[in-house]
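Take the sequences, apply the hints, and build the full model.
Listed here are the chains, written in short residue letters.
2 protein chains.
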Amino acid sequence: MDPFAARPDDAVGGLGEERLITAIRRWLGTASPRAPFGIGDDCAVLPAVAGRQLITVDPVIYGRHFDATIAPRSVGAKLLKRNLSDLAAMGGRPTAAVLALTLDAKVSVWWLEGFYRGLAACARRYRVPVVGGDVAQANGVLAASLTLLGTAAAGRTARVISRRGAAIGDWIYVTGTIGGSVASGHHWRFTPRLEEGAWLARRADVRAMMDVSDGLAKDLHALTPRGAEPALQAAALPRRAGASVAAALSEGEDYELALAVARTADRAGLEKAWRRQFRTRLTCIGRFVTVGQRPADAVDLAAFRGYEHLAGGV
Amino acid sequence: MDPFAARPDDAVGGLGEERLITAIRRWLGTASPRAPFGIGDDCAVLPAVAGRQLITVDPVIYGRHFDATIAPRSVGAKLLKRNLSDLAAMGGRPTAAVLALTLDAKVSVWWLEGFYRGLAACARRYRVPVVGGDVAQANGVLAASLTLLGTAAAGRTARVISRRGAAIGDWIYVTGTIGGSVASGHHWRFTPRLEEGAWLARRADVRAMMDVSDGLAKDLHALTPRGAEPALQAAALPRRAGASVAAALSEGEDYELALAVARTADRAGLEKAWRRQFRTRLTCIGRFVTVGQRPADAVDLAAFRGYEHLAGGV
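So the sequence lines, in the order shown, correspond to chains H and F.
Our numbering applies: residue 1 is where the first sequence begins, and numbers increase by one.
Our numbering applies: residue 1001 is where the second sequence begins, and numbers increase by one.
It is possible that some hints are incorrect.
[Said to hold, decoys possible] Incomplete in silico selection of chain H near chain F, CB under 10 Å:
(1) Glu17
(2) Tyr62
(3) Val135
(4) Arg163
(5) Arg164
[What the hints assert, rightly or not] Okay, the calculated bits of chain F under chain H, using three or more residues with CB under 8 Å as the criterion:
(6) 1010 to 1024
(7) 1040 to 1048
(8) 1095 to 1109
(9) 1125 to 1137
The set of hints was computed from the structure by calculation and includes no laboratory data.
Nothing here was measured: the structure is a model prediction, and the numbers come from that model.
Just so you know, even glycine gets a beta-carbon here, dropped at the ideal spot from N, CA and C.
Below, the structure is given as structure tokens:
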């Protein structure tokens, strides 16, 4: 749907601020609590939580992350899911979201309604209250940035898991399938790996974890311990149907988890326990080896690039 | 300073993502903790806090909130201070901030450095760690949105104060001076009323509070109890030098606090205690009266408008 209104009567600019905010509250419905726990005061009040919290922020921008061919509901849902995927990568569960919207006065009310309804449906599904936000006007812009708060997933052995902690010899795993996410439309439909991430974070043998969004070839750098390099088996990569090895390594938008499993782990036990719990695949794709000791049959990741967030000159 | 680079070599697009993020970390310096408590993982980890939290989000947008005449340091500082003012209005103190930046690849590295250094200096001054963020590219855009987390200010009698709670007969107060904030440049230099807000939130006689940013005539609606209207004395308005009554009521960008003090309060005692604590002014400007019972000498607020965030049609 074209985000820009063809007729002045359909544009948010004609609505004015007060009516727009009333409409946004209606579109969010039960996904947004009442003030002071939701929209309508200087800040939103969040209930007390025990333990450490997690926070992340990611945007969707017209012309960058979506265009006029995409349903606004999908855009709203993806905005939340991108952030949920970051939370999943640290073993967290969501507690609250706030949304900063920047839009041209010519944006269509219908587009915006779809966007908020898609966000709200997704927020209800994952039980994330949308507690606050801001709407600002800017010519030629349609962008939304969502900040997501969470906590370490519940449970006696809950822990927050970071990208650091892998060691040389550790095994590299990835959830689900990778590659071809954009071509197949998967990047609109994906399910953030919240349950999987929380389960993995409770296993002491899982040493480090991250989400794969810019392509494994690029993202794996952050998981790689000092003095090591990843040695991946191309044949082991769990590729989406039709995706080449290059696509699996460099396209990105996978929203899967990559993790390091301790060299000493009972891998068969881990994989068996996983299969009892999830239908999602969990695949060992290689391991971290000392720099320069990559076997000849392992993939040379330097030949692949991931998604570059800031590309191009003047 | 013009945010857009005159020469390709000075543009962030030439820097690339990795070097840009390294530069941002350097510019933020001690204002940003190390991962996982700062930038560099899927989420940032926040230390545990006791009690209820507060969250708010506000942007600065090129062409809307600033232009090429403004020093980038001022833009970075104001982005944080706008949010601190919202937190002050609920009696909160800040705990962490995350920043979502959307920028054209042609934005100048020098501008961006100034922006981050201004933000960092302000973050250190108010002891707000900048724990995370995101940088996304979009043509023709330069916008930053900051999400601020806080808690109720410390102390045995700490409470979160909302916009609701005023009653008919309550007195209306405002901190500092209002009007002429844009013309005088005060809106770049203002000090968010964090200490004042926390102090006021501890007084049971202060029933409701908010920050004045869109102009008192507009903002006071949110503080006004059902069935009431504000009866303000024009002569009582603490106007900035050179500001008219109209300017004080409708220009906005004041970043002062407006509050309701209980009808039964010991106002002399409150004002005396305030003066012992603060050099900032605290002025009684009127009270809430039953709708239709506004005295003839009180200001008719319907004659004034505040800042409209979403104005203009197609």
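Each hint tested on the structure:
At a threshold of 10 Å, the smallest CB-CB gap from H/Glu17 to chain F is about 4 Å, leaving the interface hint in force. For H/Tyr62, the interface hint holds, since its Cβ comes within 10 Å of a Cβ in chain F; the closest pair sits about 8 Å apart. For H/Val135, the interface hint holds, the least distance from its beta-carbon to any beta-carbon of chain F being 6 Å, beneath 10 Å. Taken as an interface hint, H/Arg163 checks out: its beta carbon lies about 5 Å from the nearest beta carbon of chain F, inside 10 Å.
Hint status for H/Arg164 relative to chain F: holds, with the closest Cβ pair at about 7 Å, below 10 Å. With a cut-off of 8 Å between beta carbons, the region 1010 to 1024 of chain F has 8 residues touching chain H; three or more are needed, and the interface restraint holds. A stretch counts as covered by a chain when three or more of its residues have a beta carbon under 8 Å from one of that chain; for the region 1040 to 1048 of chain F and chain H the count is 9, and the coverage holds. Coverage of the region 1095 to 1109 of chain F by chain H holds [criterion: at least 3 residues with CB-CB distance below 8 Å; count 7].
With a cut-off of 8 Å between beta carbons, the region 1125 to 1137 of chain F has 7 residues touching chain H; three or more are needed, and the interface restraint holds.
The structure meets every hint from the earlier list without exception.
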